[in-house]
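Number of protein chains: 2
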Amino acid sequence: MLGDDRYPGPPPPYPHDPGLDFCYDSACPPHGQLPWSDQSPSGDREMRDDHISFMRTVKAFREYIKYAMSSREARLASFNKFNNEYREVLCIDLEATFGKYAKCIEANSEFFECICDASKGLFDAYWPNGTTVTPEEVPPPTPLDIDKVFSTLRQFVRDWSAEGAAERDAVYKPMLQTLEEHFPDVSRRSGVQILVPGAGLCRLVVELALRGFSAQGNEFSYHMLIAAHYIQNHVVAPGQHTIFPYVDNTCNLVERDHQFVELNIPDLCASEEVGRRSQQPYSFGELSMVAGDFTEVYAKGSQLKKWNAVVTCFFIDTAHNIVEYIKILYNLLVPGGIWVNCGPLLYHFAGNAEGDSIELSLSEVLTVAMRFGFVVRRDPILIDTTYTNNYRSMKQLLYRCAFFVLQRPPVDTREAA
Amino acid sequence: MLGDDRYPGPPPPYPHDPGLDFCYDSACPPHGQLPWSDQSPSGDREMRDDHISFMRTVKAFREYIKYAMSSREARLASFNKFNNEYREVLCIDLEATFGKYAKCIEANSEFFECICDASKGLFDAYWPNGTTVTPEEVPPPTPLDIDKVFSTLRQFVRDWSAEGAAERDAVYKPMLQTLEEHFPDVSRRSGVQILVPGAGLCRLVVELALRGFSAQGNEFSYHMLIAAHYIQNHVVAPGQHTIFPYVDNTCNLVERDHQFVELNIPDLCASEEVGRRSQQPYSFGELSMVAGDFTEVYAKGSQLKKWNAVVTCFFIDTAHNIVEYIKILYNLLVPGGIWVNCGPLLYHFAGNAEGDSIELSLSEVLTVAMRFGFVVRRDPILIDTTYTNNYRSMKQLLYRCAFFVLQRPPVDTREAA
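Chains as they are written, first to last, in my numbering: chain A, 1 to 417; chain B, 418 to 834.
Simulated from the structure, these hints should not be mistaken for laboratory data. Where hints are given, some of them may not hold.
Said to hold, decoys possible - Below are the DSS-like pairs computed for lysine-lysine, each with C-alpha atoms no more than 30 Å apart in a straight line:
hint, chain 1, residue 1, chain 2, residue 2
1, A, 173, B, 812
2, A, 395, B, 717
3, A, 81, B, 717
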């Protein structure tokens, strides 16, 4: 059955640890289609659209260097218009500074090239029959595609660098502790199925597997899927890559050097950990990744009462309709299963002309959850934290994340559907 | 001389305190033109453009209600698409909630109407010969014009409400203390000329006048000029207006009530304070307001060595070229005069395709200032604060503001120009 196909990991550039048992579930390609089971003309068209989206994202990663260099050029051009008086007072060695600036962009681009090289394996896993889309048919990346490439670099800091530890600890730690306390018997955790919607670059999913849980990440964004695939399946050693995540930010600097901060990623190499854990009393948990829209993939009958826990971190506000999300979350859980949440309520579609957006307050989210049948295991608290933040900057975006734990009653048999 | 014309304050709706001695300097209409002294065809055209900009801004304030109501409609429409199941779990009384929502918008709109009604006096002060522009010729407000109306409401919270006191105190207090300590003799403060570029809604300027200083605000934005004119010259009592500054924000609410927070403004009535201070040993300082672009108005020869202090709060990053700003600031000061700064380094034109943007780090700003001749009176510290922030929200934007005091050397005779 196609739905159980597992993506065995791609060929080199980086060899695989033979013990690597986390992989991609290719049952649901990213935008919710099952293209190879639907060969109707409209199915063909949708599949082609998905191919093009994937390839356009890869193109955006490859074109990072072009856009980053062009911003650099514009900044340099402003300085180059200086008259002599301004030149004399300027304390910046433009050649040295903008030379360094270019080198940092090149280093980031090399990292993105590795991600792009590895993306073919992921494409083949989603669409084993290949594609009829030729490279010439792939349109240029949209400005949003390019923006997301820049922000993906910051996501790597958050999820896969030592510098991101404080940010991760603020929200991942209380969530992981909750799950460890709720499922204290380590030897039985491989039987505990935990779902992480909006898994992003997958650090939380890996942390769950490190603790012995069977964890599945779900993600919609091709940027995240392609980048997460690389960091999990292709990186073979901690600190293998050097990135300069803040090189594109020239505002709110206290010191010029803060633009050129150098970070080595990942701080933890997933494949290495798999080997290490195999010598311990419990092994690395099973890890899978499902691409696609949460409401399409997890509202399916096959998903009902399948999960012991669902962990949502900076996720629930990605909903067009949060009431629908809450209903799906309820139905996913086995009776007695828990929903652990930590995040703000940004509501990504608020004010968006395309499509609806339902914006509930935190209190209303909890009330709706209780009306669907949830009971409160842990009252909400607000945890202050940043998100892909440069702590050196004079501008800090702080979220007061709602952390709460709800439970589907152990004896509950109803379905919200 | 036109440059010394003072705007005596408009007629009712609100009567003036006869002791009111702060007023508008109409020497420089907002966009730097001196229209009535330049009757060339291009000068006429530029003057007409200025008139249209002014009138378009007034139109934007008047059309707030249309745009706010339309956002409300879109939000309600999303809820109205709910099926029965969702309706049953929804804990919001839609009629009551959206009824309240409409009432709050109407109250905000009434406040804006008062501002618009008073704007005619300001227009007449800038252009005493009136205009040939007919209302029909004024184009619809741009989306940016409308956005600024929404943010002006939040600016009122910052500058003129009790709720804004904490935010103001964080940055205004250290700046005011510095000036009070530097000019300790209250009886002589009326001779101390202080300039506040980027005065916005002018609370800082009024606070300086309250302490006896002779203070001048400078502002470019018609939104700020029109709104500041009203709050200073037309409001007769504290708490005269009730506004609902957060009604348009439905994201990151902990409680629904936070959307409907009701504030009374102003917390301090400038005209009342003028009367009160007249019975004290020192009176309310002279207060004036100059409309126009900082680099155009204050690079003039008539401004050289005219000011005992310049106070920049969330201002220096409005520069296209911060090096030019620093040079102008130096030249404005009398030898021994001080520059007091508090703010981040956002650089409003960064990444803007139109026009240059020079983005220096804090260290570089200070080095450039010293190369122009400034000496450090007080080393920079970083003060954490918000800006037009709703403290109840789950999203908090925090600035680490650079607070420093520089001085033009007392025996310095050079000019950076």
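Hints, verified against the model:
1. Taking the CA atoms of residue 173 of chain A and residue 812 of chain B, the gap is about 21 Å. The hint holds against a cut of 30 Å.
2. With a C-alpha separation of about 34 Å, the suggested pairing of residue 395 of chain A with residue 717 of chain B is violated against the 30 Å cut-off.
3. Simply put, residue 81 of chain A and residue 717 of chain B have alpha-carbon atoms about 22 Å apart, close enough for the 30 Å limit, and the pair holds.
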